[in-house]
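Number of protein chains: 2
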Amino acid sequence: MKVTIYDVAKEAGVSISTVSRVINNTGRISEKTRKKVLKVMETLHYQPSMVASALTGKRTRTIGLIIPDVANPFFAEIARKVEDRGRELGFNVLMCNTDNNPETEEMYLSLLKQKSVDGIIIGTTTKNYTVLNELLHEHFPIAFIAQDIPELAIDVVRVDDFLGGYQAVSHLVSLGHKKIAIMLGNLNRTSDKDRLQAYRQVLQENGLEYDERLVIYTDYSMEAGKRAAFELLRSPQKPTAIFACFDSLAVGVYQAAKEMGLCIPEDLSVVGFDNTILATIVDPPLTTVAQPIDEMGRQVVDLIIREIEGEKNMKQRVILPPELIVRHSTKQL
Amino acid sequence: MKVTIYDVAKEAGVSISTVSRVINNTGRISEKTRKKVLKVMETLHYQPSMVASALTGKRTRTIGLIIPDVANPFFAEIARKVEDRGRELGFNVLMCNTDNNPETEEMYLSLLKQKSVDGIIIGTTTKNYTVLNELLHEHFPIAFIAQDIPELAIDVVRVDDFLGGYQAVSHLVSLGHKKIAIMLGNLNRTSDKDRLQAYRQVLQENGLEYDERLVIYTDYSMEAGKRAAFELLRSPQKPTAIFACFDSLAVGVYQAAKEMGLCIPEDLSVVGFDNTILATIVDPPLTTVAQPIDEMGRQVVDLIIREIEGEKNMKQRVILPPELIVRHSTKQL
DNA sequence: GTTGTAAGAGAAAGCGCTTACTCAAACCAA
DNA sequence: TTGGTTTGAGTAAGCGCTTTCTCTTACAAC
Numbered sequence: 005m006k007v008t009i010y011d012v013a014k015e016a017g018v019s020i021s022t023v024s025r026v027i028n029n030t031g032r033i034s035e036k037t038r039k040k041v042l043k044v045m046e047t048l049h050y051q052p053s054m055v056a057s058a059l060t061g062k063r064t065r066t067i068g069l070i071i072p073d074v075a076n077p078f079f080a081e082i083a084r085k086v087e088d089r090g091r092e093l094g095f096n097v098l099m100c101n102t103d104n105n106p107e108t109e110e111m112y113l114s115l116l117k118q119k120s121v122d123g124i125i126i127g128t129t130t131k132n133y134t135v136l137n138e139l140l141h142e143h144f145p146i147a148f149i150a151q152d153i154p155e156l157a158i159d160v161v162r163v164d165d166f167l168g169g170y171q172a173v174s175h176l177v178s179l180g181h182k183k184i185a186i187m188l189g190n191l192n193r194t195s196d197k198d199r200l201q202a203y204r205q206v207l208q209e210n211g212l213e214y215d216e217r218l219v220i221y222t223d224y225s226m227e228a229g230k231r232a233a234f235e236l237l238r239s240p241q242k243p244t245a246i247f248a249c250f251d252s253l254a255v256g257v258y259q260a261a262k263e264m265g266l267c268i269p270e271d272l273s274v275v276g277f278d279n280t281i282l283a284t285i286v287d288p289p290l291t292t293v294a295q296p297i298d299e300m301g302r303q304v305v306d307l308i309i310r311e312i313e314g315e316k317n318m319k320q321r322v323i324l325p326p327e328l329i330v331r332h333s334t335k336q337l
Numbered sequence: 005m006k007v008t009i010y011d012v013a014k015e016a017g018v019s020i021s022t023v024s025r026v027i028n029n030t031g032r033i034s035e036k037t038r039k040k041v042l043k044v045m046e047t048l049h050y051q052p053s054m055v056a057s058a059l060t061g062k063r064t065r066t067i068g069l070i071i072p073d074v075a076n077p078f079f080a081e082i083a084r085k086v087e088d089r090g091r092e093l094g095f096n097v098l099m100c101n102t103d104n105n106p107e108t109e110e111m112y113l114s115l116l117k118q119k120s121v122d123g124i125i126i127g128t129t130t131k132n133y134t135v136l137n138e139l140l141h142e143h144f145p146i147a148f149i150a151q152d153i154p155e156l157a158i159d160v161v162r163v164d165d166f167l168g169g170y171q172a173v174s175h176l177v178s179l180g181h182k183k184i185a186i187m188l189g190n191l192n193r194t195s196d197k198d199r200l201q202a203y204r205q206v207l208q209e210n211g212l213e214y215d216e217r218l219v220i221y222t223d224y225s226m227e228a229g230k231r232a233a234f235e236l237l238r239s240p241q242k243p244t245a246i247f248a249c250f251d252s253l254a255v256g257v258y259q260a261a262k263e264m265g266l267c268i269p270e271d272l273s274v275v276g277f278d279n280t281i282l283a284t285i286v287d288p289p290l291t292t293v294a295q296p297i298d299e300m301g302r303q304v305v306d307l308i309i310r311e312i313e314g315e316k317n318m319k320q321r322v323i324l325p326p327e328l329i330v331r332h333s334t335k336q337l
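Chains as they are written, first to last, in the working numbering: chain A, 5 to 337; chain B, 5 to 337.
By construction, these hints were calculated from the structure, which means they are not laboratory data.
Since the list gives no way to pick one copy over another, a pair counts as held whenever it fits inside one copy or between any two copies.
Derived SDA-like pairs (lysine to any residue); straight-line CA-CA distance at most 25 Å: (1) 62 with 49; (2) 43 with 28; (3) 319 with 65; (4) 6 with 316; (5) 119 with 56; (6) 62 with 117; (7) 62 with 9; (8) 316 with 140; (9) 62 with 141; (10) 262 with 335; (11) 117 with 92.
Using the sequences and the hints given, assemble the complete structure.
Laid out in structure tokens, this is it:
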């Protein structure tokens, strides 16, 4: 029932090696034989089994994509771009959501290896390095997107988080804000660390006081943003502006503000980060730091595929510039 | 370098079939031997190659998911649920975006088969049945989610679109609206057809005139929704309410209304469909028909896996009830 | 007419597993 | 003790490909 290379060979009156050669376009084949085999393949609806060819040393042409959550627009957009570029280059993507759970991540890492994917793109916060280090040692192709581990020589494609944070906070300062809060995820993400670093530096450069109570650690969900915003806005050190390190957090801020009867940007300025679709549909449209998601997705795929093809032997970090998109959630104080 | 079943066998002083038996927990193995083999596997960090075992007739434990676009929140949420349930049951998902392009879809269908995925879940509008029919004939496990082809006996999990449309339009009518527009995708999707059908029926039941000019065909993007809304709202037959068949279209309506200086719900009532995250973050929160995405994702996976495991031989349609979620985008006329 | 070389294609050995078949040892009832 | 069962484990034949080697022709050069 399933037609194999043997069926084609028999039907065409040649050996399976000849068929294999015309499939892969290798070796020498007379035009006549090639035509004949091609025609038989056609009439028999023959499709080579990728499982079999993977077993004989060829690629699976599949890459794993490990992210926290596709339902999060930022990662959904990344996933889309990765898949697009992968398709262009003949690779499929196996999607893995971990919710940043280290065990899930570790499980996936070894599962993907078992499944012989050709490479793995990681967009999650990794803390547990055991499996990761193993893979790295075996020179398993791995690349990080929107995520970095400074202590390791690895392939990375990310935005310049420090610069992005700098732009965001500078913007608020230039509007006259003095009490600026920052909401971020955990400091395991270097991106968050860099943005916080920028925040401190801008404050310092402008002679503003750094108040720890205005630095809120949370996760990346809207609910978390909302909760954190409530806390901030009800505290005595109520800020006049908030730099939310993800658009999703910013949306949470919007919701809290609305429930408290505060107007954005009149009563509160908000800057987000990522420039996902959320930024444009929220009212007022969110001023945010754009990550070049398209370019990032494209470049990680290119990077990892070059690694897979063995075309490069040196790891590299690609740091792309962010861009502050000023919309209507920020206002002169 | 790569450790295989042979290495384990040699190290443990047994044959490879014994190792295979302990891996798969089949046949009879003495406790002593099993322990010994297990220990060797452990110390050697042995992981069976799934490619090899797939070649010998076992499953790949991978399912393909074909959707229009993960960057669309509705499909992102579906993808997430599918992956979650798949993981629980030991299956990975290969993500495929087609933008509803028939060629891309056909390409993926045959590619997925070549890659020997165990089953395929489809959420796209299929028009081209050739490859699909082939697969169906070969009893290749296929299930549809949020998508149906009434002419075919297939596995389907979807919401009751007629009922959903009925609820949405009835709600608007009950608020006193008489000029109600409907915005939908193309009529190839049965879901759209059913919603339109419901729209007509509600109008009729309430003695309202059916005006073709209030029926707008578009695609599912925000931009399309915006364009369509502009057109409607500037036309002489300007409606007082719009039933947008996707939340994303509804968001487009919001944007158009805002640019035209119209207030929702004072000047225009809007009902969406899907109840994606968009509905809650838009201002005012969108009244919409909720699809039970969690349940749908869970059930397609269960359905297809039962099919894969050969536990069922009859196709079935699972039609889940929608729920009208009244928020603040609709108002008594 | 030899010899040398290149072109075209087949034979066969894997790739890392699963599984049907086989067989020796151990056990048990009569 | 004998014959019949279990039990535990090995042998070997694939699964559907790729690829190295080998071999036969054909043809050009001398």
